[in-house]
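FYI, the numbering used here numbers position 69 of the sequence shown as 69, with every residue one higher than the one before it.
To be clear, the hints were calculated from the coordinates, so they are not data collected in a lab. Note that beta-carbon positions come from the ideal geometry of N, C-alpha and C, so glycine has one too. Misleading hints may appear alongside valid ones.
To be verified - Restraint ranges, calculated between C-beta atoms of paired labels, are given here:
hint, residue 1, residue 2, range
1, Arg153, Asp184, 20 to 30 angstroms
2, Arg144, Ile247, 32 to 42 angstroms
3, Pro248, Asn194, 33 to 43 angstroms
4, Gly20, Pro65, 18 to 28 angstroms
5, Pro65, Pro31, 11 to 21 angstroms
6, Ala224, Gly261, 21 to 31 angstroms
7, Tyr182, Glu67, 28 to 38 angstroms
8, Arg23, Gln219, 34 to 44 angstroms
9, Asp167, Arg144, 17 to 27 angstroms
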Amino acid sequence: MTGCSSPALFVANGLARWDGYQRTSGLQYGPHDANLLDVYEPGGDVAGVVVFFYGGCWGACTSYPREYYRFVAQTLASRGYVVVVPDYRQYPIARFAQIRDDAVAAVAWVQDNAGSFGANSAPLFLMGHSAGGHIAAMLTVDERLLGDDRHARLAGFVGLAAPYDFDFDRPYLPKVFAGLPYADSQPSRFIEGNEPPLLLLWGRADEQVYERNIVTMQQTLVQAGGDVEAHLYDDLDHTDLLAAFAIPSRDTSPVVADILGFLQRHRDSP
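Working from the sequences, and respecting the hints, build out all of it.
If you want it as structure tokens, here you go:
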């Protein structure tokens, strides 16, 4: 459940275009030092809003802050989406309960301030890679976290190589999720069939997040009558799904096209 390396992210950002969007950096969304976010506004009409959570084992392995993901934001902003990338408290400073609280606060801030970046009525999507996908998934499937009114305003979820159904088989996992019942750490345990649409993406060469996560999540959603779409890519690994946003990969990989197609199909709801 690791993220990309610093050199890889540096190169991806270096290749990303600087025009076509406006970035507002370092906005405070909560009371903690880590509660900062960047907003990327497209140059034209707003098609929707995407809140992107990056990964890094919830802080238990090497993690890179929000500015390293400009290449992800630029890809989506160039297609008309306002993109918000928040930092959040991480292990060992925080456990998952606090990490989850920060994610809730970030999404609430986006909903409350959407009008300031021209997206007051725009559909809101949650997206994340690896552990960031897990964070976004928890907010998507457990409506208690955001509360009914805020949760009802979610248009969908996009998970890239995210864990949804996993054992605590790595030394850091019991520590990250300390104080939380095991079932409350698993997005697959919250499925009722009435969730916002979910897009699950995974590469068959992924050695960090196992196929069980995608299969169990998809099957559980299908059995419950939920709206789910899953794409499993041959020859792509854990970091390839994120690297797909970088120039020139985004023009040769189906990952970005699949995400944009999903966003377009669901941006008229709820």
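- Hint check against the structure, violated hint numbers in rising order: none
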